[in-house]
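The residues making up each chain are set out below.
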Amino acid sequence: MIRCPACGAENLPNSLFCEECGEPLIHEEKLMVKLVSLTEGWKIEMPLEGEVIIGRADPATGFKPHLDLSDKGGVEKGVSRRHLRLFRQGNKVYVEDLGSSNGSFINNRRLLPFSPEPLASGDEVRLGGEILKIYLEG
Amino acid sequence: MGEEFRPDYYQLLEVSPFASQEEIESAYRRLVKEYHPDVLRAFKTAFLFRQLQEAYEVLRDPERRRRYDEWLRAKGLYPEKAFWANVLLSQRALRPLPEPQAWYVLFTIHAEKDHAIPPKPLNLCLVIDTSTSMKGPKLESALKASELVLRNLKEEDALALVTFNDRATVILPLARRHDPRKASSLLRKVKAEGGTEMSYGISSGLAELLKAGNLWESINYMLLLTDGETYGDEEECVRLAREAGAKGISIAAVGLGTDWNEELMEAIAQASGGVSLYIPHHKELPKTFQERVGALMGAVSAFKGKLELGEGINLKGLFRLDPQVSRVAMEGGTFFLGPFSGSIRLLAELVIPPLPAGHHPALRWEFGDLKGELAARGEVYLTIAEGVEGERIPKEILAAAGQVAIFKLREKAWKEIRGGERGKASQRLLFLAKQLEKAGEKDLALLAKEEAKFLPATGDLSAEGRKRLYYGTRLLALKPPEEG
Ligand SMILES: [Zn+2]
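Chains as they are written, first to last, in my numbering: chain Y, 49 to 186; chain X, 101 to 584.
Worth flagging that the hints you see were computed from the coordinates, not collected in a lab. It is possible that some hints are incorrect.
As the list claims (entries may be wrong) - In silico lysine-lysine, BS3-like type, Cα no more than 30 Å apart, as pairs:
1. Lys291/X / Lys311/X
2. Lys471/X / Lys311/X
3. Lys542/X / Lys515/X
4. Lys495/X / Lys112/Y
5. Lys567/X / Lys387/X
6. Lys133/X / Lys120/Y
7. Lys495/X / Lys140/Y
8. Lys235/X / Lys387/X
9. Lys538/X / Lys140/Y
10. Lys133/X / Lys82/Y
11. Lys112/Y / Lys133/X
12. Lys553/X / Lys534/X
13. Lys133/X / Lys140/Y
14. Lys82/Y / Lys495/X
15. Lys140/Y / Lys534/X
16. Lys140/Y / Lys416/X
Unchecked claim - Derived Cβ-Cβ restraints for the label pairs, each shown as a range:
17. Lys542/X / Arg157/Y: 50 to 58 Å
18. Ala168/Y / Gly559/X: 45 to 53 Å
19. Gly458/X / Gly56/Y: 30 to 38 Å
20. Gly458/X / Ala168/Y: 32 to 40 Å
21. Cys55/Y / Gly313/X: 52 to 60 Å
22. Val84/Y / Glu408/X: 51 to 59 Å
23. Gly110/Y / Arg150/X: 20 to 28 Å
24. Gly110/Y / Glu473/X: 48 to 56 Å
25. Leu79/Y / Pro218/X: 52 to 60 Å
26. Gly121/Y / Lys542/X: 48 to 56 Å
No residue lacks a Cβ here, since even glycine has one placed at the ideal position from N, Cα and C.
Okay, chain Y solo, but in the shape it has when bound (with noise of 0.2 Å):
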């Protein structure tokens, strides 16, 4: 079950709107992603609307990531096109790593492949040789 953020009711999940105050259930708080690069001490802040795709661009298919880190040393570090992306589910965020070549660690956990993780505020993602801090702000 889901429990309303209005009245507390339990709802069924993947539930819209809540049966008993009319709530929207999938309705989403605003929320920021803070990310600090511990390896070359950029950061940068962005919103959390469905997901973030970190990566790097790739201009002969015309992909971009949310997140580009091609001029921030994204080649030389092994990062992926598509390496890693952040996503909300209700209240929850998610890390999930796209199959990248050099594979994401989450405190130094390695992440499988297409298998999502929940993340806190101040954990730690490395993604090949680029290490962040990701900070959540609701």
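Here the structure of chain Y is known, so what remains is to put chain X with the ligand in place on it, guided by the hints.
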């Protein structure tokens, strides 16, 4: 032969079986953008992408498409070129869960653009309350509205007029081309006196409509007008309405003022595939009658629908959204939708039991005329797959489910009031007020708050508040909730 097909290729491409090759191409190009691994990721993408490819590979090739259509036809799944229902799913795939989960299917039933079915003539009966309370301007307006309807009918349309109080009187027997002068003089003689026994009016109106003989060849409709509560024959009214619906006769149940029973009028409408309407002031009657009858002209048939659920799947509720939100009354999986010429949206709220990964037949649907000649049928498959996350809910589904959510709050409040649960009902109205406010319906929200305040003491709503909330909450043009 030996080709393997799935029955839902058109649905996967979100087109009708009558789509041109160009429409199929452009639907594919649109969907491919949504499905493509650059846009959506993870296992689901590949899974759904494969399905889309499979459908497209068959439908893009006119020869394979022809074979596929033959295959559908052999299974009774190819429709006559008349109607189609677009099917939209809240999520294309669900994760396997150890507990039941919610899933929504939105049907949009519409006439095909260039269908070759001519509109049918009207077979119409006006049933007018002439109890004492109708005396004066109310009755005058009702008779004026009736005369206007009569004048605007086409030559091939048939009309009857019945009045009722403690009994029913046929003023104009069913006929085509009434002499307007003669009809006017008959209408002028109508007086208002006596009580209200609505079932007599409905019953007599039905008898007139049935005189038409072959009901399949016409659009059959009763316009029922009352301004008061009927005495003790509520169940009979609904029973007659159900009988009417089964014969292809729909009832527009119109309530004038605030002293009638909205739940009864709605039950009559639901049972016959009609609508119920609230007219605050008698001056609006001519316009309302004209609009109702106008909406019928151009209709090609009365409609019915049928839903069959896959194993273990439950239907929590079925709602129509056009012309207003209402619950669809179902009997044995069948329901009446009445005549329409534009389109009708239906939202099915489903409960999916724990299921293993794979494709599951979730729903068989059928919409068509009562005679069963013009039917569109299809099957909806549910995909259960691991790793399904973050899929965007189509905004059409959010808008429909939002309207239904408000409708259900109102419905719950009424039930609680009826059951004497004053506190609960009052809280429910406050919830309703909050959602109405969000929807930009300030006046209705304010009204709900006011009523919530007095409800604990009085145990009921004000007469006007009751009607305004009941009907106001069904006609909202809600925007889907903002994203992000
Ligand atoms: Zn709630």
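Quick rundown of the hints versus the structure:
1. Lys291/X / Lys311/X: holds, 26 Å
2. Lys471/X / Lys311/X: Measuring from Cα to Cα gives roughly 18 Å; hence the hint holds.
3. Lys542/X / Lys515/X: With Cα atoms ~24 Å apart, Lys542/X and Lys515/X stay inside 30 Å; holds.
4. Lys495/X / Lys112/Y: The given pair, whose Cα atoms are some 25 Å apart, holds under the 30 Å limit.
5. Lys567/X / Lys387/X: holds, 19 Å
6. Lys133/X / Lys120/Y: Cα-Cα ~28 Å, so holds.
7. Lys495/X / Lys140/Y: holds, 22 Å
8. Lys235/X / Lys387/X: Given that 30 Å is the threshold and the Cα spacing comes to 20 Å, the pair holds.
9. Lys538/X / Lys140/Y: holds, 25 Å
10. Lys133/X / Lys82/Y: holds, 29 Å
11. Lys112/Y / Lys133/X: Holds, at about 14 Å.
12. Lys553/X / Lys534/X: Between Lys553/X and Lys534/X the Cα gap is close to 14 Å, so the pair holds against 30 Å.
13. Lys133/X / Lys140/Y: Holds - the C-alpha atoms of Lys140/Y and Lys133/X are around 26 Å apart, at most 30 Å.
14. Lys82/Y / Lys495/X: Satisfied, since the Cα-Cα distance of roughly 29 Å is no more than 30 Å.
15. Lys140/Y / Lys534/X: Between Lys140/Y and Lys534/X the Cα gap is close to 26 Å, so the pair holds against 30 Å.
16. Lys140/Y / Lys416/X: holds, 27 Å
17. Lys542/X / Arg157/Y: 50 to 58 Å: The hint (50 to 58 Å, Cβ to Cβ) holds, given that Lys542/X and Arg157/Y are roughly 52 Å apart.
18. Ala168/Y / Gly559/X: 45 to 53 Å: Check passed, 50 Å falls within 45 to 53 Å.
19. Gly458/X / Gly56/Y: 30 to 38 Å: holds, 35 Å
20. Gly458/X / Ala168/Y: 32 to 40 Å: Holds - the Cβ-Cβ distance for Gly458/X and Ala168/Y, about 33 Å, lies within 32 to 40 Å.
21. Cys55/Y / Gly313/X: 52 to 60 Å: holds, 56 Å
22. Val84/Y / Glu408/X: 51 to 59 Å: holds, 55 Å
23. Gly110/Y / Arg150/X: 20 to 28 Å: holds, 23 Å
24. Gly110/Y / Glu473/X: 48 to 56 Å: Holds, since Gly110/Y and Glu473/X (Cβ atoms, about 50 Å apart) stay within the stated range.
25. Leu79/Y / Pro218/X: 52 to 60 Å: holds, 56 Å
26. Gly121/Y / Lys542/X: 48 to 56 Å: holds, 54 Å
Taken one by one, the earlier hints all hold for this structure without exception.
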